[in-house]
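Starting from the known structure of chain A, arrange chain B on it as the hints suggest.
If you read the sequences in order, they're chains A and B.
The first sequence maps to residues 1 to 507 in full-length UniProt numbering.
The second sequence maps to residues 1 to 507 in full-length UniProt numbering.
Hints are supplied without guarantee of correctness; some may be wrong.
Have a look at the derived ranges for each label pair, beta carbon to beta carbon [claimed, not checked]: (1) B:301 <-> A:102: 28 to 36 Å; (2) A:203 <-> B:190: 17 to 25 Å; (3) B:200 <-> A:473: 40 to 48 Å; (4) B:203 <-> A:9: 46 to 54 Å; (5) A:26 <-> B:200: 49 to 57 Å; (6) A:59 <-> B:184: 37 to 45 Å; (7) A:332 <-> B:190: 22 to 30 Å; (8) A:473 <-> B:407: 17 to 25 Å; (9) B:30 <-> A:248: 20 to 28 Å; (10) B:203 <-> A:252: 30 to 38 Å.
Here chain A is said to cover these stretches of chain B; the calculated rule only asks that three of the stretch's residues, wherever they fall, bring their Cβ under 8 Å from a Cβ of chain A [as the list claims (entries may be wrong)]: (11) 13–24; (12) 72–84; (13) 120–134; (14) 187–194; (15) 253–265; (16) 347–360; (17) 380–390.
Worth flagging that the hints you see were computed from the coordinates, not collected in a lab.
Note that this is a predicted model, so its numbers are computed, not measured.
All C-beta atoms in this analysis are idealised placements derived from N, C-alpha and C, irrespective of residue type, glycine included.
2 protein chains.
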Amino acid sequence: MENNYERIQNTALRDRVVSAETAASWIGNGMTLGLSGFTRAGDVKAVPFALVNRAESEDFKVNVYTGASLGSDIDKLFAEAGILGKRLPFQADATMRRKLNEGAFHFVDQHLSHTSELIRSNVLDQIDFAILEAVSITEDGFIIPTTSIGNSLVFAQHAKEIIIEINVAQPESLEGIHDLFEPGEQGKRDPIPLTKPEDRIGAKGIQVDLNKVKGIVFTNQMDSPSTIVAPDEETVMIADHLIDFLKQEIEDGRLTKSLAPLQSGIGSVANAVFHGLLNSDFTDLKVYSEVLQDAVFDLIDAGKVQFASCCSITLSEGKMDEVFSNFENYRDKLVLRPQEISNHPEIIRRLGLISINTALEADIYGNINSTHVQGSKMMNGIGGSGDFARNARLGIFVTKSIAKGGKISSIVPYVSHVDHTEHDVDVIVTEQGYADLRGLAPRERVELVIERCAHPMYREQLWDYYNEALTRGGHTPHVLEKALSWHINYAKEGTMLESEKKVGMKV
Amino acid sequence: MENNYERIQNTALRDRVVSAETAASWIGNGMTLGLSGFTRAGDVKAVPFALVNRAESEDFKVNVYTGASLGSDIDKLFAEAGILGKRLPFQADATMRRKLNEGAFHFVDQHLSHTSELIRSNVLDQIDFAILEAVSITEDGFIIPTTSIGNSLVFAQHAKEIIIEINVAQPESLEGIHDLFEPGEQGKRDPIPLTKPEDRIGAKGIQVDLNKVKGIVFTNQMDSPSTIVAPDEETVMIADHLIDFLKQEIEDGRLTKSLAPLQSGIGSVANAVFHGLLNSDFTDLKVYSEVLQDAVFDLIDAGKVQFASCCSITLSEGKMDEVFSNFENYRDKLVLRPQEISNHPEIIRRLGLISINTALEADIYGNINSTHVQGSKMMNGIGGSGDFARNARLGIFVTKSIAKGGKISSIVPYVSHVDHTEHDVDVIVTEQGYADLRGLAPRERVELVIERCAHPMYREQLWDYYNEALTRGGHTPHVLEKALSWHINYAKEGTMLESEKKVGMKV
Chain A
1 MENNYERIQN TALRDRVVSA ETAASWIGNG MTLGLSGFTR AGDVKAVPFA LVNRAESEDF
61 KVNVYTGASL GSDIDKLFAE AGILGKRLPF QADATMRRKL NEGAFHFVDQ HLSHTSELIR
121 SNVLDQIDFA ILEAVSITED GFIIPTTSIG NSLVFAQHAK EIIIEINVAQ PESLEGIHDL
181 FEPGEQGKRD PIPLTKPEDR IGAKGIQVDL NKVKGIVFTN QMDSPSTIVA PDEETVMIAD
241 HLIDFLKQEI EDGRLTKSLA PLQSGIGSVA NAVFHGLLNS DFTDLKVYSE VLQDAVFDLI
301 DAGKVQFASC CSITLSEGKM DEVFSNFENY RDKLVLRPQE ISNHPEIIRR LGLISINTAL
361 EADIYGNINS THVQGSKMMN GIGGSGDFAR NARLGIFVTK SIAKGGKISS IVPYVSHVDH
421 TEHDVDVIVT EQGYADLRGL APRERVELVI ERCAHPMYRE QLWDYYNEAL TRGGHTPHVL
481 EKALSWHINY AKEGTMLESE KKVGMKV
Chain B
1 MENNYERIQN TALRDRVVSA ETAASWIGNG MTLGLSGFTR AGDVKAVPFA LVNRAESEDF
61 KVNVYTGASL GSDIDKLFAE AGILGKRLPF QADATMRRKL NEGAFHFVDQ HLSHTSELIR
121 SNVLDQIDFA ILEAVSITED GFIIPTTSIG NSLVFAQHAK EIIIEINVAQ PESLEGIHDL
181 FEPGEQGKRD PIPLTKPEDR IGAKGIQVDL NKVKGIVFTN QMDSPSTIVA PDEETVMIAD
241 HLIDFLKQEI EDGRLTKSLA PLQSGIGSVA NAVFHGLLNS DFTDLKVYSE VLQDAVFDLI
301 DAGKVQFASC CSITLSEGKM DEVFSNFENY RDKLVLRPQE ISNHPEIIRR LGLISINTAL
361 EADIYGNINS THVQGSKMMN GIGGSGDFAR NARLGIFVTK SIAKGGKISS IVPYVSHVDH
421 TEHDVDVIVT EQGYADLRGL APRERVELVI ERCAHPMYRE QLWDYYNEAL TRGGHTPHVL
481 EKALSWHINY AKEGTMLESE KKVGMKV
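Isolated chain A (complex conformation) (with noise of 0.2 Å):
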């Protein structure tokens, strides 16, 4: 490892260098670590694999905080040593997600906006060491973050002792586009004084008493691409469908042509979603969201989007090294907030943001289950949406109506968790229309949903149901022994769908 001691431009530090073992060895067990990193981006590099080194020698827990997903495999080699106590607020890694449904470690799904104020008010266990990738440290003393802010500054201002991993891979133009801003404890603090997008209201970089900082180590190497795949036909008419709605709702004079700030979950339907506004008749847009994907700087280069705020920049390998390459094109149209400014109610209902999220099911009542598989398993986490849905000016979910070539249904009589309640969802967007529920009550819903978003195989099968549940009555009317049974029959006959079901018994 090249180490680049430029990058620590306050001198008196540059006698904490040392290896990632070293740093590694400082952390005892039962330890909490609260790491930066928010999908995929901005993560610690080397602490963490020096960690997991450890565990082939040696037993041990620790608990790790972090912004979000972590990328460089961190999460799966994490999971596979068995080092973990507690894991949270969000993870998506395929291996970490099978041992925490078996129950391997505890995994604590929360609002991304919500761990910092649990940090804050001494409700989750103190952080032992905080562990930040950074571009550099200032002569005046700020630690620069890189491609995500995340929960960075509450780790930083909160844990017993810091150690830094400086990576010299990560360009050092991105000092500059940090915005950190810390509201104060609950109780004591003043409104958060943003109102655009663009407002800058904290400082360039991360300051702490530098006697926290017990070690820095040197690291190069980019942050893991994202791994979301190009729009396909679902999702360019998802995109489709999202975008004719609102059409409408400037054509009925709740929006303009710049629309609303917008925010955008992570994955491919998002990232198609907004895609799909390259060659719409928006403009002068603006972004107020989590992650920005690869379309945000498609669209920016397109001229469509003015400004864009996050607490992340993921994205795919050859996207990187474009906006890396040209980033004066981007300095002054980004800005990276902590992850409970890029989410905060407050500024989400203030800013009357535009939300659109992904939904694994939806119900035809609008209940919205983000992270179940059939009511168990976790998927990867709620992440920001609760945040997002509840207080924007429009909660849009987005869904393919079918997965698994058909045999199930996203659009169900009852979804087998609730993430989202029925007042928290605006629109539902399927590749088979959108349903606008808002001002509606749960009876007045249903022919939406069904009709507008329920793929044709199924729709009869949802009106048999929720004719049967009229007969049973209620606002919300449902008939409980059948309430999961299309789950059931999938997880017995490998299909939601009665007449495939059928076919199947008498085989």
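Leaving out everything else, chain B in the frame of chain A:
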């Protein structure tokens, strides 16, 4: 009806006085009405009755928006008269409940902070008539509300026309306790400049174009008294456990003796909890809530509560006399705000409220059903519980552990309807004890919920479910075929208790 023109200090408006019948005659079929009133306080008491009378000889429907539930049996009469198209955002009347569960009209159950945004952004049908109770109209043209504000400000601003009921039974001393703040359009608004419960940030009354005032009706009738029942053995135990929890928070250094601003939902359990504070060591308390019930005034009298902010004052008959005949004692300790300010996520999070709301049922993982009996039948509505629990420092839910003499367990394997997900539920309290769920993974929560909250008669049955669920695995283990069996058994056999059910089957 004795008119009192002195209450119309703006003399230009005096010629608009009409009878309730005349005012009601202006209301046409299909119109949308915005009525003052929040939990039986400050509702209009003449025009709705005149409108109901018209229904005897006329067929028509109206949509009725309010702050929350109405008193004076208005909701009952509306429901019986069959004149409702849509009703939102909350109700609490037995007849209305029965009718809406039959599907006789569309009830839209909303977060109480959300309705104003939907009106402001023209998502809901425009209001034809705002019909608002007032103490008076000042010389400078302010409409002074009475014992609640609810949604009256946004109704007045966005209605085509306004009808005012000046209720001479409401004491003029109420003038000066209101604080009318309008946040403005999303995307164009500033931070809400409120940092303490006692801050005054708005106007003394509702200010609108007085040309919109089409008629003024005089009334002379007090609010319907609240129907809360006195604390019983279980609610006292709930209060005691909750106080134990708060004491522990002080011991752990997370709270001081003045706690944090308190919010409590409407109802007997919440009132009992507040009553429990009378004999506690807590001092210099503040309240930032929706509704003030009797107990808050007892706490003010006892010197425990320094200040209380609300959007409605709902008292029992005796307390009403006592408070209003000694109102000067309370005037500088009270403020009434619009419900979007009392319930605003921005404020709730900033102040770090301690939020106490009632659950119908909770599951072993901490998900809460606040609204739907047996998953289908609406009780009252979600009210402000979602506004508060999601954003508070402490989201606390209280319930008795059993209902119907033990036939129903309030702690179940799987709630039949979800209003609050495990992410928003910090503490559950029953007469059995409290479960502090903060920072815990689902599997960690189970033991606390079963052992500390469930009734002993149901604990083994809950463990049986959970142990079987564990064999299926998952982040939140469930046995889908049995998840709703408790509710199904109750519907079929009249009990959730397995042992009773078997006995029943043998007979």
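Now the hints, each set against the structure:
Against the hinted window of 28 to 36 Å, the Cβ-Cβ separation of residue 301 (chain B) and residue 102 (chain A) comes to about 57 Å, which falls outside the hint. For residue 203 (chain A) paired with residue 190 (chain B), a C-beta distance near 23 Å keeps the hint of 17 to 25 Å intact. Between residue 200 (chain B) and residue 473 (chain A), the C-beta spacing of about 47 Å keeps the proposed range 40 to 48 Å intact. At about 53 Å, the CB distance of residue 203 (chain B) to residue 9 (chain A) agrees with the hint of 46 to 54 Å.
Checked against the given bound of 49 to 57 Å, the beta carbons of residue 26 (chain A) and residue 200 (chain B), roughly 52 Å apart, stay inside it. The given range of 37 to 45 Å is broken by residue 59 (chain A) and residue 184 (chain B), whose C-beta atoms sit roughly 58 Å from each other. Checked against the hint of 22 to 30 Å, the C-beta distance between residue 332 (chain A) and residue 190 (chain B) comes to roughly 25 Å, which is consistent with it. A hinted range of 17 to 25 Å holds for the C-beta pair residue 473 (chain A) and residue 407 (chain B), which are about 21 Å apart.
For residue 30 (chain B) paired with residue 248 (chain A), a C-beta distance near 23 Å keeps the hint of 20 to 28 Å intact. Checking the proposed 30 to 38 Å range against residue 203 (chain B) and residue 252 (chain A) shows it holds: the Cβ atoms sit about 31 Å from each other. Counting residues of the segment 13–24 of chain B whose C-beta lies closer than 8 Å to any C-beta of chain A gives 0; at least three are required, and the coverage claim is violated. With 0 residues bearing a CB less than 8 Å from a CB of chain A, the segment 72–84 of chain B misses the requirement of three and the coverage assertion fails.
For the segment 120–134 of chain B, the assignment as covered by chain A holds, since 5 residues bring a beta-carbon within under 8 Å of that chain's beta-carbons and 3 suffice. Note: the segment 187–194 of chain B has 6 residues with beta-carbon separation from chain A under 8 Å; the three-residue rule is met and the coverage holds. Given a C-beta distance limit of less than 8 Å, the hint that chain A covers the segment 253–265 of chain B holds, as 4 residues qualify and 3 suffice. For the segment 347–360 of chain B, the proposed coverage by chain A is satisfied: 4 residues have a C-beta within less than 8 Å of a C-beta in that chain, meeting the threshold of three.
Counting residues of the segment 380–390 of chain B whose beta carbon lies closer than 8 Å to any beta carbon of chain A gives 3, which meets the minimum of three for the stated coverage.
Hint violations for this structure: numbers 1, 6, 11 and 12, all remaining hints satisfied.
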